[in-house]
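Q: FYI, the numbering for the sequence shown is 1 to 197, going by our numbering.
Hints are supplied without guarantee of correctness; some may be wrong.
Pairs of lysine to any residue residues, derived as SDA-like cross-links and limited to a Cα-Cα distance of at most 25 Å, are as follows [to be verified]: (1) LYS25 x GLU165; (2) LYS25 x SER174; (3) LYS166 x GLY181; (4) LYS138 x ASP35; (5) LYS25 x GLU77; (6) LYS25 x GLN81.
What the hints contain is simulated information worked out from the structure, not anything from laboratory work.
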Amino acid sequence: MNAFRPVPGGWECPIGEVERDLFLKAISEVRTLLDPPVLPFEITTMLGEDDSEDAAKDIHLQNASLDRLLPPGAADERTAQTMRELTDSQLRTQKSERLERLYQLLSEQTGSVLLIESGQEWDWLGGINDVRLAISGKLSPEDYSVDPQDNRQVSSQVNPKTGNEKFEEALVTSFYEWLSGWQDSLLQAIDSWPQPS
């Protein structure tokens, strides 16, 4: 794995074309996932103006990746729904805008070295984490569980996978692990840099 290192004005890391393209694609997919759900036109017109607004508030795309990106915020379902109504739109916007900044920064840089300028590091750490959260929703629990006993219990309950499904899952798992190491490398580089006194 390519590691970040402190340089004057920020942090840099070698990055290959494959990794860059995968990360750009993942950012695009997560941004699409964060788009607020919209009721189909036919349903909104049947509900009427007042009812459609109330109904739209209750819509939450049931998706494991989205649930990790936008966690419920409370164990109680009613409280969780209230909190979602208060924070969902703002969280989606903040995460989407941050990912848009990362996409632009990554697209604008060419060559085999990525430079993260000082002041941009928290956008990168947050954006990488959001992509990791979204990817984790696609993985089986055994792919990132630390307890081998849990792995055996879950594996026995999962339907056998086809060769293509296993290959795709292996790629997603590898990318998830690469992103995790990449994020950790940036954190370590930041932590090792002398702090202003």
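Q: Would you mind marking each hint as holding or not holding in the structure?
A: Against the structure, the hints come out as follows:
1. Between the alpha carbons of LYS25 and GLU165 the distance comes to roughly 20 Å, so the proposed pair stays at or under 25 Å and holds.
2. This hinted pair checks out: LYS25 and SER174 have alpha carbons roughly 15 Å apart, not beyond 25 Å.
3. At most 25 Å may separate the alpha-carbon atoms for a hinted pair to count; LYS166 and GLY181 meet this at roughly 22 Å.
4. At roughly 18 Å between alpha-carbon atoms, LYS138 and ASP35 fall within 25 Å of each other, so this suggested pair holds.
5. Under the criterion of a C-alpha separation no larger than 25 Å, the hint pairing LYS25 with GLU77 is inconsistent with the structure, at around 33 Å.
6. Straight-line distance between C-alpha atoms of LYS25 and GLN81 comes to about 31 Å, which puts the hinted pair past the 25 Å bound.
Against the hints set out earlier in the document, violations occur for numbers 5 and 6.
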